[in-house]
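Number of protein chains: 2
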Amino acid sequence: MKIIPNLSVDCVVFGFDLTKLNILLTKRELRDPETDALLFTDYTLQGHHVLENEDLDNAANRVLKEKTGLDSIFLEQFHTFGDTDRIKNPKDMLWVKNIYPTVTNQVITVGYYSLVNSAKIHPDKKHEDTMWFPAENLPELGFDHAEIIDKALSCLRIKLSREPIGFELLPEKFTLSQLQILYEAVLGRKYDRRNFRKKITQLKYIIPLDEKQTGVAHKPAQVFIFSKDVYERTKKDKLGFPI
Amino acid sequence: MKIIPNLSVDCVVFGFDLTKLNILLTKRELRDPETDALLFTDYTLQGHHVLENEDLDNAANRVLKEKTGLDSIFLEQFHTFGDTDRIKNPKDMLWVKNIYPTVTNQVITVGYYSLVNSAKIHPDKKHEDTMWFPAENLPELGFDHAEIIDKALSCLRIKLSREPIGFELLPEKFTLSQLQILYEAVLGRKYDRRNFRKKITQLKYIIPLDEKQTGVAHKPAQVFIFSKDVYERTKKDKLGFPI
DNA sequence: TCAAAAGTGTTGACATTACACCCATGT
DNA sequence: ACATGGGTGTAATGTCAACACTTTTGA
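Respectively, the protein sequence lines represent chains V and S. Following our numbering, the numbering of the first sequence begins with 1488 at its first residue and continues without gaps. Following our numbering, the numbering of the second sequence begins with 1488 at its first residue and continues without gaps.
Please note: incorrect hints may appear among the correct ones.
Note that identical chains are pooled: a pair holds if it fits in a single copy or bridges any two copies.
[As the list claims (entries may be wrong)] Cross-link-like lysine-lysine pairs, in silico, DSS-like; alpha carbons within 25 Å at most:
#1 LYS1646 to LYS1722
#2 LYS1723 to LYS1686
#3 LYS1706 to LYS1685
#4 LYS1552 to LYS1507
#5 LYS1699 to LYS1584
#6 LYS1638 to LYS1723
If you're looking for bench data, these hints aren't it; they were derived computationally from the structure. No experiment lies behind these values; they were computed from the predicted model shown.
All chains should be modelled from the sequences, with the hints used to inform the complete structure.
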């Protein structure tokens, strides 16, 4: 299958480990083709060129499946990056010349972000060089991927403050504290525990189970599930008042 | 300047005539190259292929400048459309084959919307075949432009309910009723006049002038201006509570 | 003098914030 | 027994929704 040389997708994979927000990155190395000397090393998002006769969304799904093994997970297009000087860093130009000699110097990339429960990816097994980094503490990034991640995060924040998508980052059964930590981690603010619980428990689509946490060295918490079905049935698309 | 055959931008130009929300469309006709018989006619967004060595955002600005004469107006990228079957209607395939024979059958388009005060465009003069249509009552559209407009409108709604961008659609000096009608037209809901005014007048960046409407057959309204400067200085990026 | 939109305040319901103590479990 | 996070209520404040009459102008 031939690639489309001037069109790629990049996926910002967000994960939550019940403590903090993480981003999945892949190690990139460039070695001199003759001497094999290590020229540089850094990290990049999971990306690939779109293939001929492939829908954009499918390209993003394919990349995700290849890099994480996960299928049919939450995936949302957030922005397209098309400045002609996107690849301006000398190391990136060198890398492109070595790895994709057929690629033009004007590549636009469509950014997607996806949300996964970190526990579902075991990067050590399949892809040694693909690993989680805390969103707050990322390593050196290739290309314009720092910019792409910034934009992804700000789009995720807006989305999360409008729609209940946080559950995509949690195990199916979760506690209210885990949910609160998730919101705090993504939105970068704190919530009062009582007020948070009050708010959440009045939502009909967050359903308490007759089940408690086990194996924790403190009072076990009640577990909840999210019902997308109930949400879809009861949501009312109200837009905020003008700012 | 050569075009990039598989990459285009489409601009959804929103205008407000102090009454309702409008969208700028261009008439498209295809005639049989031999008999000159009219094969079909419909309307399309303002779009064009991106040029080699042109930034995406610049391409959108160029298209807008060419089609409306306007420069440096509000322009926001909202979504990229990249399904392989985007051009599936027979009339569209026919049109592409006639007009852009070099173009591949897999073209992705980056959607932008822009906001203009309708009064600033006099389509009759420059472009007879480019005209305003009420957003609520659009004619038959080519390609997937109905879908693109839907998405643009829903993105505009979300943006408008988060940020004060409505002023881009208004004359520099406006009345509170005009602002209210604008919000009602875009968001598709009604506001109580007293509550709306209460809310707006407490915003420091909407500044009353010592000036009144003239030439109206009723009590003249006070006029206001929007200060982007004051807004930028006083805004606090608060994200909503989880839904 | 009439028509048309401008302008103006109060009240009740609801949502948001702030805040402190006891509980159940594993070690 | 202790450390850890779970679970709970109330009062003050702020925000939102509903509602009707008078004013100013041009025609």
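Review point. Going through the earlier hints one by one, which of them does the structure break, listed in rising order?
Key: 5
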